[in-house]
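Participant: Top line first, the protein sequences correspond to chains F and Z.
Count the first sequence with my numbering and you get residues 1 to 312, in order.
Count the second sequence with my numbering and you get residues 1 to 287, in order.
Keep in mind the hints are simulated off the structure, nothing from the lab.
Careful: at least some of the hints might be erroneous.
[What the hints assert, rightly or not] Looking from chain F toward chain Z, a few residues come up when the C-beta cut is under 7 Å (computed):
(1) Val98
(2) Ile100
(3) Arg106
(4) Gly109
(5) Tyr111
(6) Ile114
(7) Ala122
(8) Ala222
(9) Leu268
(10) Val272
(11) Ile277
(12) Gly280
(13) Thr283
(14) Met285
(15) Ala290
(16) Ile294
Every residue gets a Cβ at the ideal spot worked out from N, C-alpha and C, and that includes glycine.
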Amino acid sequence: MSAKRIRFISILLALAVLLTIPFGDSPYVMTVWLLIYVYAALASMWNLLAGYSGMISLGQQVFIGLGGYTLAVLSVNYGLPIFLSVLLGGMLSVIFAVLISLPIFRMKGVYFAIGTWIIAEALGICFSNWGYVRYGMGMFIQPAYKLSMSSVYYAAMIICIGSIALVYVLLRSKLGLALMAIRDDDIASETMGVNIFRCKFTCFLVSAFVTGIAAGILYLNAIFIQPFEAFGIGWSVKLLFIVIIGGIGTVEGPIVGAVIFVLLQQYLSEYVGYNLIILGIITIMVLFFAPKGIIGTIQNRFRVGLLSVRRQ
Amino acid sequence: MLRFLEPIINGFLLGGLYAVIGIGLSMIFGIIRQVNLAHGELMILASYFSLLTLQLLGLHPLLTFLFVLPAMFIFGYLIQALLFNRVMGKGMEPFLMISFGLSIILQNALLLIFTPDARSLQNILVIQSLNVYNLFHVPLIYIVNFAVSILVIGLLHQFMKRTYLGWAISASAEDLSAAKLMGINPKRVYALAMGIAAVTAAISGVLVGMTFTFYPHSGTQYLIIAFGVVIIGGLGSLPGTFFGGLILGISQLAGGHIIGPGFQLLSGYIILLVVLTIRPQGILGRG
């Protein structure tokens, strides 16, 4: 059997196993997997920006908050169907991304990171002073109780597989080639006719859309949304941990990172307070001893990759 | 009468404190070309350290500088020597992420040790205020903050201009390979610079602790203020930092006065975003 075939079959097998998890009637196992899916999707989108497009964003929580609040407002105040609200959350994130792209794309490197973070903080303040979304008290997303656990599970699974497939396809496309050229030498690639702004802009919008939807699914599970939590820097911290541990600039990295992160979070939840300290120490250790993360190190050593975008 | 002057005067004085908050961040950027995301946590660490010495020895908060500053210098030196020096010259990302990791570790360690309760470095200055010809009131602590910040910025300026270490720091910032040829050990210089930055953070941390209440999570808020100051003034520029502090202080208090107290932080952020958009290198920064 060729390597390609083995790869195909192993992915298929893994999917088949994951599809049957809701039949195992353990809500706990289902929740853990659901969190893994959502975090993998969110982290893939952060990775698309930081790992492939050179935009270290500390403001992904902008779209997490917008996605969550769109879901809350549309489904609670207007009674819209839940999954439509989730989808519209993604749309609103894209619209907001277009609006902020004008100032944000004038900033580079550190300034980009800080700029995105400050936009998130500013939104947090706006939402906590806004009566329409019940100020800082937050909103209960009651309609989500009507959904069965397994439908949320499958939605999370779809967004996870969809986002990874999307990243894979994007990187295999002309855009992926252009991004690699920009990463290696931005001036040379621009001379060869690569439109840097358009490439980065596309990635930014894609990332906003998927992040908004994934956040909606996350809040279907969390039920409660509150401005300083939704727009808090904590989200970027988590995504950074996940991608660094898994391997920045690899497609599989965010998946592996998400599995480790969620399991670690579950395991360490008994030791309240220590879990973030331990995660911080792990991140620094990974940066020192395996700066390419788990997947990057494995790929370098054994030259294999399950979802490598490298052309054979 | 003249009530509108109060937020402007107080914002001006608060701006001096903001300048000290930002100065360490700006210095490290000027010298190492890196952004230390753990800057806010260094401040709050110093606030808690001051609280501890204050409770143990019963000193005035300003006197705790005697213990806090040397300790923070050593702490700053060590984090640069043990952590950051290992990723020097590897681009921007590793440094950003390690400092981020450090900030999370410090924040949560403080949370474990000191619980999430609000603390403050109690002193008599907070409740006293200066009545200027019955026109407006200025809290005494703001005047102390402003005086201390002028002193810190002046001393730092003189230090960089007049001492051998200051020259070595500027030399490494300007031309690293030439500095190496002149016998300067850049890693040691970086560690000392981080130590000095930590001292400025500690000064601002104690002043903040005397003026406002603080929590283990306050570091993030002050990191954003430090960014604001430094970005408005221009990363790496000493006079710019002072200027940036004043602009941010005034815009926050004036904005809070006009729109409402809930929007005090927001008006500062908006000014910041506008500056970032129009002049990303800062008002006094060089391209």
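Participant: Against each hint, give a clear statement of whether it holds in the structure.
Facilitator: Hint-by-hint comparison with the structure:
With a least beta-carbon distance of about 15 Å to chain Z, the hint placing valine 98(F) at the interface is violated under the 7 Å criterion. Among the interface hints, the one on isoleucine 100(F) is violated; its C-beta lies about 9 Å from the nearest C-beta in chain Z, farther than the 7 Å criterion. Of the supplied interface hints, the one on arginine 106(F) holds, with its beta-carbon coming within about 6 Å of a beta-carbon of chain Z, less than 7 Å. The beta carbon of glycine 109(F) comes within 6 Å of a beta carbon in chain Z, closer than 7 Å, and the hint placing it at the interface holds.
For tyrosine 111(F), the interface hint holds, the least distance from its beta-carbon to any beta-carbon of chain Z being 5 Å, beneath 7 Å. With a least beta-carbon distance of about 5 Å to chain Z, the hint placing isoleucine 114(F) at the interface is held under the 7 Å criterion. Hint status for alanine 122(F): holds, given a least beta-carbon distance of 4 Å to chain Z, under 7 Å. With a cut of 7 Å, the hint placing alanine 222(F) at the interface with chain Z is violated, because the nearest CB-to-CB distance is about 20 Å.
Taking 7 Å as the C-beta contact cut-off toward chain Z, the hint placing leucine 268(F) at the interface is violated, the least distance being around 12 Å. About 9 Å separates the beta-carbon of valine 272(F) from the nearest beta-carbon of chain Z, more than 7 Å, and the hint is not met. Because the closest C-beta pair between isoleucine 277(F) and chain Z is about 5 Å apart, less than 7 Å, the hint holds. The restraint placing glycine 280(F) at the interface with chain Z holds, with a minimum CB-CB distance near 4 Å, inside the 7 Å limit.
Here the hint on threonine 283(F) is kept, as its CB sits about 4 Å from the closest CB of chain Z, short of 7 Å. Interface hint status for methionine 285(F): violated, as the beta-carbon distance to the closest one in chain Z is roughly 9 Å, over 7 Å. Taken as an interface hint, alanine 290(F) does not check out: its beta carbon lies about 12 Å from the nearest beta carbon of chain Z, beyond 7 Å. Here the hint on isoleucine 294(F) is broken, as its CB sits about 16 Å from the closest CB of chain Z, past 7 Å.
In the structure shown, a violation is registered for the earlier hints numbered 1, 2, 8, 9, 10, 14, 15 and 16, in ascending order.
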